[in-house]
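Here the protein sequences line up with chains A and E, keeping their order. Using our numbering, you'd call the opening residue of the first sequence number 2 and step up by one each time. Using our numbering, you'd call the opening residue of the second sequence number 2 and step up by one each time.
Wrong hints could be hidden among the right ones.
Any copy, or any two copies together, can satisfy a pair, since identical chains are not distinguished.
Within a straight-line C-alpha distance of at most 35 angstroms, the following computed DSBU-like cross-link-like pairs (lysine-lysine) qualify [what the hints assert, rightly or not]:
#1 K92 x K241
#2 K92 x K344
#3 K69 x K423
#4 K130 x K423
#5 K69 x K157
Derived by calculation from the structure, the hints in this document are not laboratory data.
2 protein chains.
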Amino acid sequence: MNILDTKLPRIVIIGGGFAGISFIKQIQKEAFQIVLFDRNNYHTFQPLLYQVSTAGLEPDSISYPLRKIFRNNKNFHFRMAEVEHINPTTKTIETSIGSLAYDHLIIASGSTTNFFGNKSIEEKSMPMKTVPHSLNIRSLMLQNIEEADLTTDVAKRRSLLNFVIAGAGPTGVELAGALAEFKRGILENDYPSISEDEMQVHLLEGADRVLPPMSKKSSTKALYFLEKLGVQVHLNTFVKEYDGHTVSTNSGVQFHTATFIWAAGVTGASIQGLDGEALVKRANRYQVNEYNTVEGYKDIYALGDIAIMKSEGYPNGHPMVAQPAIQQGKNLGKNFKRVLHGKSMKPFVYFDKGSMATIGRNKAVVDIKNLNFSGFIAWFIWMFVHLWFLVGFRNRMVTFFNWTYNYINYDKAARLIIRPFKRKV
Amino acid sequence: MNILDTKLPRIVIIGGGFAGISFIKQIQKEAFQIVLFDRNNYHTFQPLLYQVSTAGLEPDSISYPLRKIFRNNKNFHFRMAEVEHINPTTKTIETSIGSLAYDHLIIASGSTTNFFGNKSIEEKSMPMKTVPHSLNIRSLMLQNIEEADLTTDVAKRRSLLNFVIAGAGPTGVELAGALAEFKRGILENDYPSISEDEMQVHLLEGADRVLPPMSKKSSTKALYFLEKLGVQVHLNTFVKEYDGHTVSTNSGVQFHTATFIWAAGVTGASIQGLDGEALVKRANRYQVNEYNTVEGYKDIYALGDIAIMKSEGYPNGHPMVAQPAIQQGKNLGKNFKRVLHGKSMKPFVYFDKGSMATIGRNKAVVDIKNLNFSGFIAWFIWMFVHLWFLVGFRNRMVTFFNWTYNYINYDKAARLIIRPFKRKV
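Only chain A is shown next, with the shape it has when bound in the complex (with noise of 0.2 angstroms):
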């Protein structure tokens, strides 16, 4: 491959998501060649994805540019290509556009939807991991309103417009949140045929309460959010089969529905190439220590969701979600630069933030230690979270005028049918 030969150190980052990012930050200055790759040449700030899905905002406010990060430094090289295996003892990683010998690599590629191994689920349903699952998404359920529009048959009608959302982590409940606002403030101004109640909006969750790794105070609270908006909640529920029409539960109950979106889980995007021990197969996520090195390996370290670091109070590892990924690709940083200016590596401590989702306007909650709150303030928190750790002055203003003007009018402006999504056959 193509890179500037160079005295430097290489160290090669595998993943421009949270973890691969904030490592990158730390380290940037240092005499280090830094190669990053993603198979995306942007970043995605995920914790929005769902508003894509909802045509509340574009993704360009929520995507940025991974090159434009570190445009400034010369040391910084952007390869937008796959990862496919890593060659430890040669030190050298497979990538789609051809091999690079790294001196430090950083896995910090995250994760991808977990089907948990249930093929009609894989086929039929719709995940919402990226910026093109949102998008498909997008169109999917506007092409379903158009065409509930147009039919006079009652049971396709019905199932048209009857979304189903398998899961209530924060994804899921923000999800069926934003769909029950889209059918308030879209449904009954623009489509004067379909009444408000033909579309129902059904979130299905396995355990007993919904946002299940939040407070039991705010899972109850953002259960009344949402039936408030009029979601149906079923809990303790699981799909066993998805057939491109009818969702099947363990309770027996059935689901008619053109659209059901599963976001019921994920599973580390881990790389082929390093040895059993290191990978725990069950979360495929590499088994580090707390510096995050990758067990038995020495100049491999994993970052994030594809990490599992076990420590007192998380014997699974940290929760998949930004906060650790931004704290683990920090540490390991500063580690990088305190070995080079010979000082000694610090173990990796994670600071809970606490977590907050929010289910529609003015409808929030907010877990910080065992402080717990939800409603108008909890909202106001949440949108300021997301605003400052969105990236770039631009994605922060549009997007803020977005929600403003959304606030305002009741509407979603993003409902454009770009490229139909076509369903498979």
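With chain A's structure known, arrange chain E on it following the hints.
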């Protein structure tokens, strides 16, 4: 087709472009049932498509949901479908979702890319008449630059960084200018291993000057601006063939390029069913009288690009741009109202508001009557007029913000390869 029964006379409009919307705005409060057909659920502001192609604006900034424009009108119905055939004897249309009777039919189907029967160009070049076309160009441009960054094959690298545009009308000129600015603002910052000189923009034009419909003074000035930005303009040059690698021209000069954009002509998007006399075959446009009635028919009208109204000063019909479409739509709408209130129709008189094109920052040309001017003031007027005609407050604000941001930062923020363009093999 499922349309509410009513005693009101039914007007069917084919196409939600400038003409169709301008017509409906006039008659929407009158006693008509209005049914609008469009294959997309959004109106496209075509004059700014080139900014989507060059990553300056996102598609939702120049598109607007058609349902939303007329959302307060109970007698307005939107159908996202393709109109396939007109049966004037039975006064019905055949569409992709069934047939429908009309009392009045308004054809406002616009125009489509004209390949002049050249199959190689049709198959291998990139047209730019729709939002998906523009997104394809954006992806391809960025993919080619990424690929060029990787290859050491000199010929391949040159071809990937060579951008060839056929047609120096406003579309071709604006696109060439924006590509040249992309090179200046983005390439040198984000792609340190590509030198600015390696990217070439060629603009090919069959006539002996750029912007042939404008004044000679503006053509000269536009050429000056283009060359100042580094665009290589080739006049009196006709494209003979493009095999996916090489553009062959009448002059014998060849261009090796992976990106050949075809902006050299449009033709009417006519619909099957109207008799021979009505359709001017050479142009695929319907011949209309001064009331926009299609030659030989009583209740069928054609507006905008699809209509040829011969008049003094316009022996081949009006130019196929926004203004005649908007004005004809307005005049026909007013005539419908006049007839409804017992008055007689007024013939259409075209008011030429002038024409303009922008080449780059602070660089535009404007012709108004016998007045021609260029430079910063022309550029400022161009921006103001385009913002003014954009549909929707949100679109205007987001576009204005993006322009300001891009102007200050020499940036184009939407350079995301969201759906990679797959070359036809």
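Evaluated hints:
| no. | hint | result |
| --- | --- | --- |
| 1 | K92 x K241 | neither (43 angstroms within a copy, 51 angstroms between copies) |
| 2 | K92 x K344 | within (25 angstroms within a copy, 86 angstroms between copies) |
| 3 | K69 x K423 | both (33 angstroms within a copy, 25 angstroms between copies) |
| 4 | K130 x K423 | both (18 angstroms within a copy, 22 angstroms between copies) |
| 5 | K69 x K157 | between (47 angstroms within a copy, 25 angstroms between copies) |
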